[in-house]
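Novice: The chain contents come next:
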Amino acid sequence: MPPSGYLTAVAIENGLDKLHSSYPSLTQLISLPERSAGEEQRTIRALRIRSGEDERNGVLLIGGTHARELINPDLLLALALNISWAYHNGQGLLFGAPKKLPNASPSTGSLAPPFPGKEYSATEIRRIVEGLDIFIVPNINPDGREWVQSPMGYQWWRQNRGFNSDGTRGADLNRNYDFLWQCHIGSSTDSTKETYRGDAVFSEPETRNVRWLFRTYPQITCFADVHSFGQLVLYPWGEAENQSDDPTKNFQNPAWDGKRDPDFAYGEYIPAADEPKFIDRGEKVRDAIAAVHERRYTLEQGVDHAAVSGAAKDYAYSRFFRGAATKVWGYTIETNHRGTSGNHDEDDQYGYQPPYADALLVMEEVQSGLIQFMLTCLCVVREIGRKPIGPGRPIEPDELDQLRRFRDREMLEQRRGRRWVEVLDRHGDELLGLLHRDARARREAEHILAEGTRIVLARDSERPPVIDKALATRIDRLAMRLERHASPQLRKALSATRKDTRVIVGKTARNALR
Amino acid sequence: MPEQRPRRFFVKISSPEKQRIRKLARGGLDLFAPRSDESGHHVDGLLTLEEVGTLVEAGYRVLVAGTDQPKLKHKYIGFEEWHQEMLADLERTRKEP
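Chain order of the listed sequences is X and Z.
Here my numbering is used: position 40 in the first sequence is 40, and no number is missing along the way.
To convert, take the position in the second sequence, counting from 1, and add 1000; that gives my numbering.
Please keep in mind that the hints were generated in silico from the structure rather than gathered at the bench.
Don't take every hint at face value.
[Said to hold, decoys possible] Straight-line C-alpha distance at most 25 Å; calculated SDA-like pairs for lysine to any residue: (1) Z:K1023 x X:Y154; (2) Z:K1073 x X:Y154; (3) Z:K1095 x X:G92; (4) Z:K1018 x Z:D1037; (5) Z:K1075 x X:Q149; (6) Z:K1075 x X:Y154; (7) X:K277 x X:F214; (8) Z:K1075 x X:V10; (9) X:K18 x Z:L1087; (10) Z:K1018 x X:S188; (11) Z:K1073 x X:M1; (12) Z:K1095 x X:T123; (13) Z:K1023 x X:Q182.
[Claimed, not checked] Taking CB as the label site, the calculated pair distances span: (14) Z:R1007 x X:V10: 23 to 31 Å; (15) X:S121 x Z:Q1084: 24 to 32 Å; (16) X:G90 x Z:L1063: 50 to 58 Å; (17) X:A200 x Z:K1073: 37 to 45 Å; (18) Z:T1054 x X:S495: 56 to 64 Å; (19) Z:Q1019 x X:D257: 54 to 62 Å; (20) Z:S1039 x X:D257: 34 to 42 Å.
[Unchecked claim] Examples of chain Z residues toward chain X, derived with CB under 10 Å: (21) E1017; (22) G1028; (23) L1072; (24) I1077; (25) R1094.
Given the structure is predicted, the values throughout are model-derived calculations rather than measurements.
For every residue, glycine included, the Cβ atom is placed at its ideal position computed from N, Cα and C.
Same shape as in the complex, but just chain Z (with noise of 0.2 Å):
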């Protein structure tokens, strides 16, 4: 949990209008990359339960699509082993002068 701020939660927030979606952009929240379809035009975020009330209030429709607990879990790895693997990509590209 991040400290002292409430959960959050991945959304999908649509209008049909784009430069309703546009114009959600400039209010400051976690909103990632707009984009468009066929259903209409989309953004999503990463927002808190209270912003989403917010949103519905305001007329856009969201999807909460799940918590922001994460499903992929990512090795960490120290600067020697990674050198080692580029390294030996970067020698199998050398040409003889």
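Okay, chain X solo, but in the shape it has when bound (with noise of 0.2 Å):
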């Protein structure tokens, strides 16, 4: 029998405790400092995900935002719970199998099994759990949760339960970030309102946590913020279209401030390099979701959605062009549309809070997107550099942060740079099966890197070195190995790799990517 209801507010703290408890070396409870708005001021606490010490590429989770979406933080729980109990018995996880589905109420209309499904293999739970830093905040809001779910509270409430000035009580934690929270796009300054922005822009110590968590954590690469309902995957920016062409109109710009508007031809400036990766993950994260029931969620940016400003995705993103050290890649997941009854109040409750049969699925399939987002944020050259199988020593942590910054302030600025490291991030994690199922090629590969990473980090030197014929051979010979075995996609970049081989060799790191 699957479970039979959504779990209380202390009942997700009890789960994270037994997951700690049951996988002591794997798993560890981080409590943020501060504790909830609300009277009882709840302590709010993450779930670290890791095996083994050493610096890797981190993700960051959170869900029960808005509280009477009750479904996310029950789905990152059961999403913890499996990815530890998987790679602790070194099982892969199924999602959507017939055999997995719980009898599901009519109102699921067309998700009629049998489901293709979604299988991970052991191998990818491992490479996440040992590549990756990963933090899950189920429940942000708790109070939030417990109003909604109380006899005397009230099952639509949004926002946290904290005070605002004027006495009244609530904010929404997803317009208080700092984002253009001044511009109060798609946010109310009236504190009666539902979506109300807050006092101050990080007034409610909910939002605070999680800026400690980007800020504790540096490594943290990937971002996801689990919301319900419409069925989506939004990326950046929130609030206005994105353009690649002014870089004057920014959300640092202030002139821009009450012209943020399509009134105004107002575009968000985002890199060109960044949009497309942006889609790229989201496409993976989408058809993740779609192979478990196949229910197909619309991929778009987060404007077309809504547009808001004081978002979290935006502001996860927007730290970098403030001068965070690593870019952050955000999204919102909003879950699966409403119902099929016809009957418009019904449905819309079904989108917020579907019967626990049905929330099961909507649990099923964002899991597997969110495995798959995991999946894309492993970083390759760590995964490459840090455990040789070759002669050559591991790749150290401060090389690591040179090479990411080379990436993000040289290499993306070039065309050539850019589509190397389109290669590594498209196909990152096909690249990698293939380097698992071929010693050979994985050593070719550490000894490209144990010298290209030699080549970028002496680029500013009185005399930088250059590459090598010997260094575009192994190159082109290694693209060429690979192709055998790549899909159509992998094969046509790695072919374009090899032909920029050509024209590299005498040249230096930088002059290589012009």
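With the hints as a guide, dock the two chains, each given alone in a separate frame, to form the complex.
Specialist: Written out as structure tokens, the structure is:
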């Protein structure tokens, strides 16, 4: 029998304790520094999942921002349980296979089994647990959830339960982050409204806790805020259409405050290389969701759903442009659409709080999307360099940092550099799979990485080293070897890379990009 | 009832112009996911009657679909019960090494 109902706020906290006591070497409980805003002042906690102590990219997943969206804390706790269990037992994970399906209610409509299902192998689970720092905050707003579930409360409460300066209660946490908060787009300055943005930017302890996570763990490069409903995968920016032509139209330029609107032909600047990367990652998430029950989410820019300022995903991504060392690829996932009962009122309830049998279906498909998201967050360079099987030494954390800076500040500024980054970003997961199965190719990749690192790190020296013919030939041969078993898309990308190897001989790291 | 807040209603707001629906979202109302069909562009929301009145005056078509009284009653459970069932489900998928 599947579970019969939603978890209480207390049960979610008990769940975090239980997961930590069941998998103590794999998990760490992190009490966030600020207690919740309501009278109860609840502790809010993150669960960190990782195996090994070395540095790696981090992924932060949060749920429960809007209290009435009951599915998502359960979903994230289930994800934490599933990943921990699978890693501990050397198992893969299967989502949506017919044998796992609970008895869905008739309102699932077109969701008729059999579903194709989505399977992640034990190797993939091992890769994310050993290759990532996974931070999960299932319920960032415990007071709100308690209020929604209380007979004395209100089932459609959206906000936290803090007191505002005028004595009213509650702020919309996803309008309280430091991203154009002052512009109150899609948020209200009226404290009696559901989308009240809060008394000040980061006025709420719950959002300050998320900020603390980003500041304390700068290795976090991927972020997803899970909401309901809409059947959407959303990427930045959230307040205006993206554009890559005019860098002066950007969120930091106060000259545009009050004019960030289609009426003023305002578009928010996004570097040309970033939007395709958001789309590529988002497509992988979308497809991994669809593979479970064939329910297709729409991938779109946040503003196409609803224009808002002060949202978490935009804050996460915007930090890089204000000096944060790492770029965070921030998304909002809106779980599946309304029901199909034909009753408008019930349908809206369904979107936020479906019957639990249906919520379990949603939880399965979104977990699949989030695991795929994690796989896209692995750093391919780190994975190749961290445990060499060949004679070389592991790549050092400060070398990785320098390579990351080279990528973000120099490679992405040049056409050829962008193409190389794209190969790793778009096909990283497949490349790692191919290298995992081919020890000779893996050793070659390690050698090329070591040489490439030496050349990049010495690029500012008096006599910067150049790429010699032997290295270019090795890259060419490795690409050719990988092409044999690659997907058509990766084969095409590798083929373009091989053409590049002919023109980079004798060039420094910087000149090779041009 | 929400404390200190007037009763709200599930509503469907419609307009023949997509841009008008998009613009509405910028205003900070409690709106859900917008959508389009052959009859036009729509967005649902949970609004007070005062907010409904303002929208109607602004030329939107607003259908009040129901009160905010819950139709579905949910069961809320503790972690142990939930965990046992989730684990049993996982064990069913266990593969021999």
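Novice: For the pair S121 of chain X and Q1084 of chain Z, does the Cβ-Cβ distance stay inside 24 to 32 Å?
Specialist: Given about 26 Å between the Cβ atoms, the range holds.
Novice: Straight-line Cα separation of K1018 of chain Z and S188 of chain X no greater than 25 Å?
Specialist: holds (22 Å)
Novice: When you check the alpha-carbon spacing of K1095 of chain Z and T123 of chain X, does it fall within 25 Å?
Specialist: Distance ~13 Å between K1095 of chain Z and T123 of chain X Cα, so the pair holds.
Novice: Mind checking the alpha carbons of K1095 of chain Z and G92 of chain X for me, to see if they're no more than 25 Å apart?
Specialist: holds (8 Å)
Novice: Between K1073 of chain Z and M1 of chain X, is the straight-line Cα distance small enough, at 25 Å or below?
Specialist: holds (20 Å)
Novice: Return the status of the interface hint for L1072 of chain Z: holds when the least beta-carbon distance to chain X is below 10 Å, violated otherwise.
Specialist: Holds - the Cβ of L1072 of chain Z comes within 10 Å of chain X, reaching about 5 Å at its closest.
Novice: Is the hinted range of 50 to 58 Å satisfied by the C-beta distance from G90 of chain X to L1063 of chain Z?
Specialist: holds (55 Å)
Novice: For T1054 of chain Z and S495 of chain X, compare the CB-CB distance with the range 56 to 64 Å and indicate the outcome.
Specialist: holds (59 Å)
Novice: Are R1007 of chain Z and V10 of chain X spaced within 23 to 31 Å by their CB atoms?
Specialist: Hint holds: Cβ distance 29 Å, inside 23 to 31 Å.
Novice: With a cut-off of 25 Å on the C-alpha distance, tell me whether K1075 of chain Z and Y154 of chain X pass.
Specialist: Holds, because 15 Å separates the two Cα atoms, which is no more than 25 Å.
Novice: Verify the proposed pairing of K18 of chain X with L1087 of chain Z, using a straight-line Cα cut of 25 Å.
Specialist: Between K18 of chain X and L1087 of chain Z the Cα gap is close to 12 Å, so the pair holds against 25 Å.
Novice: When you check the alpha-carbon spacing of K1075 of chain Z and V10 of chain X, does it fall within 25 Å?
Specialist: Answer holds: K1075 of chain Z to V10 of chain X is near 14 Å, not above 25 Å.
In summary, the numbered hints that this structure violates are 1, 19 and 21.
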